[in-house]
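Once you've looked at the hints, dock chain W against the given chain Z.
Residue numbers (the numbering used here), protein chains in the order written: chain Z, 16 to 250; chain W, 22 to 172.
Among the hints, a few may not be true.
Unchecked claim - A few chain W residues facing chain Z, derived, Cβ under 8 Å:
hint: 1; residue: Pro49
hint: 2; residue: Val50
hint: 3; residue: Thr51
hint: 4; residue: Ser91
hint: 5; residue: Tyr93
hint: 6; residue: Pro95
hint: 7; residue: Asn99
hint: 8; residue: Lys102
hint: 9; residue: Glu124
hint: 10; residue: Glu125
hint: 11; residue: Cys131
hint: 12; residue: Ile135
Claimed, not checked - Some chain W residues flagged as far from chain Z (calculated, every beta-carbon gap over 10 Å):
hint: 13; residue: Phe147
hint: 14; residue: Ser156
hint: 15; residue: Ser162
hint: 16; residue: Tyr171
In case anyone wonders, no lab produced these hints; they're calculated from the structure.
Don't be surprised by glycine CBs; every beta carbon is placed ideally from N, CA and C.
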Amino acid sequence: MFKYIISICFLFFVVEGQAQEQQDELNIDSKTDSIIYKTAYGLRLGVDISKPIVAQFNNTYSGFELVGDYRLSKTFYAAIEMGFEEETTFEDYTNSTSEGNYIRLGFNFNAYKNWLDMNNEIFIGYRYGFSLFNQTLNSHTPNVNTSYFPANTISTPITTKNLNAHWSELVVGFRAETFKNFFVTVSGSYKILMYVKEPENFKSLYAPGFNRIFESGTGFGFNYTLTYLIPFQKK
Amino acid sequence: MKKIILLLGFLSIIITSCEKDDYCLKNPVTPNLILRFYDDSNRKTLKSVEELYVWSTGKDSIFSNVKSDSIYLPLNSNTNKTVYHLSNGSSVDTFTISYTPEEEFVSRSCGFKINFQEVSFSSDTFWIKDFTPSSLTTIDSQNAAHVQIYH
Numbered sequence: 016m017f018k019y020i021i022s023i024c025f026l027f028f029v030v031e032g033q034a035q036e037q038q039d040e041l042n043i044d045s046k047t048d049s050i051i052y053k054t055a056y057g058l059r060l061g062v063d064i065s066k067p068i069v070a071q072f073n074n075t076y077s078g079f080e081l082v083g084d085y086r087l088s089k090t091f092y093a094a095i096e097m098g099f100e101e102e103t104t105f106e107d108y109t110n111s112t113s114e115g116n117y118i119r120l121g122f123n124f125n126a127y128k129n130w131l132d133m134n135n136e137i138f139i140g141y142r143y144g145f146s147l148f149n150q151t152l153n154s155h156t157p158n159v160n161t162s163y164f165p166a167n168t169i170s171t172p173i174t175t176k177n178l179n180a181h182w183s184e185l186v187v188g189f190r191a192e193t194f195k196n197f198f199v200t201v202s203g204s205y206k207i208l209m210y211v212k213e214p215e216n217f218k219s220l221y222a223p224g225f226n227r228i229f230e231s232g233t234g235f236g237f238n239y240t241l242t243y244l245i246p247f248q249k250k
Numbered sequence: 022m023k024k025i026i027l028l029l030g031f032l033s034i035i036i037t038s039c040e041k042d043d044y045c046l047k048n049p050v051t052p053n054l055i056l057r058f059y060d061d062s063n064r065k066t067l068k069s070v071e072e073l074y075v076w077s078t079g080k081d082s083i084f085s086n087v088k089s090d091s092i093y094l095p096l097n098s099n100t101n102k103t104v105y106h107l108s109n110g111s112s113v114d115t116f117t118i119s120y121t122p123e124e125e126f127v128s129r130s131c132g133f134k135i136n137f138q139e140v141s142f143s144s145d146t147f148w149i150k151d152f153t154p155s156s157l158t159t160i161d162s163q164n165a166a167h168v169q170i171y172h
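Isolated chain Z (complex conformation) (with noise of 0.2 Å):
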């Protein structure tokens, strides 16, 4: 929660600091700005650490997430998340596990205006994900909603392999240059699912890079990651 308090803070004070500059531009209107800063173009790679931090608290999950860019232009980057996911779901009368591999692609736009040769951004972007999963229905209670004549848990586990899920999603996040070329990320995701191959008498219940499916079609997602860029040219 702080962590939105803080950023809604920054927000506000970029607010401000482009009212300011457009009061100088008035004020020395004849003269030109001979210094041209440059900042770096290029390939930046990194891992999403929150994975494996909710994988220690949490011993039903594991995963583990690659991440990259690569600038195109001032504001546009091509994006690409890759990783691995196990997770374990827990409901009333069902426990299921969903494992497998999943990708995202897509484009990053940056609507924050830098200072001289900062590199932070706000961006919002637009991803499609593909994940192939396989599903196991751990054990299962049938709802007969009677205690005339209880029924029996079932716990033959039963695997559904080759599912597939697609969808698209919309990113909004926040990154900050901390060191050079060393960049921190937090960003969150609102999903909407396209298309899931369920298993037979099942349902996909979750899917990796999705996340849980919720009833209406979407899902939500958070990534904090570590990058670093490897700079090709400056412009």
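What follows is chain W alone, placed relative to chain Z:
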């Protein structure tokens, strides 16, 4: 500015909407067997059983001294047969239901329901004079009575 408002709105959606979104509102999930009692001499009129007792072999009574023209009974999903003893206070009839239980997935929160396939009924005829039908292809809902009992 517009962008920032949009961003804030978007973030608030993310923060507030990660809650459980489905509760099992379907009740019951697995159907019960519904019996209705009719007058044997005038088969279109309902006739209550004045003192009805119902129990399954070796178990407590489900109904004990009730006056009703309609009852619902759970079926045992672990076996292929449920035997009920129905008493009108003076004599006891054994009502047997045979079936094949089959699982069907309903939803995340409701889990699996049991559908009873190829159902057939049989009964003694001490106070129950007749019943209809003698078989059903499936019991998958309890929107209507499954068996009419004439007494």
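Outcome of the hint check:
Hint on Pro49 (chain W) holds. Least Cβ distance to chain Z is approximately 5 Å, under the 8 Å limit. Taking 8 Å as the C-beta contact cut-off toward chain Z, the hint placing Val50 (chain W) at the interface holds, the least distance being around 4 Å. Interface restraint check for Thr51 (chain W): the shortest CB-CB distance to chain Z comes to about 5 Å, inside 8 Å, so the restraint holds. Taking 8 Å as the C-beta cut-off, the interface hint given for Ser91 (chain W) is violated, the closest approach to chain Z being about 18 Å.
Hint status for Tyr93 (chain W): violated, given a least beta-carbon distance of 10 Å to chain Z, over 8 Å. Among the interface hints, the one on Pro95 (chain W) holds; its C-beta lies about 4 Å from the nearest C-beta in chain Z, closer than the 8 Å criterion. At its closest, the beta carbon of Asn99 (chain W) sits 5 Å from a beta carbon of chain Z; the interface hint therefore holds under the 8 Å criterion. Annotation: interface hint on Lys102 (chain W) violated; nearest CB of chain Z at approximately 12 Å, more than 8 Å.
The criterion of a C-beta within 8 Å of any C-beta in chain Z is met by Glu124 (chain W), whose closest approach is roughly 6 Å, and the hint holds. Nearest Cβ of chain Z to the Cβ of Glu125 (chain W): about 7 Å, under the 8 Å cut. The hint holds. The restraint placing Cys131 (chain W) at the interface with chain Z holds, with a minimum CB-CB distance near 6 Å, inside the 8 Å limit. The interface hint given for Ile135 (chain W) holds, since its Cβ lies 5 Å from the closest Cβ of chain Z, which is under the 8 Å cut-off.
Consistency note on Phe147 (chain W): stated as away from chain Z, and its beta-carbon is indeed over 10 Å from all of that chain's, at 24 Å minimum. With a cut of 10 Å on Cβ distances, Ser156 (chain W) stays outside the contact zone with chain Z, its closest approach being about 21 Å. With a cut of 10 Å on Cβ distances, Ser162 (chain W) stays outside the contact zone with chain Z, its closest approach being about 14 Å. With a cut of 10 Å on Cβ distances, Tyr171 (chain W) stays outside the contact zone with chain Z, its closest approach being about 26 Å.
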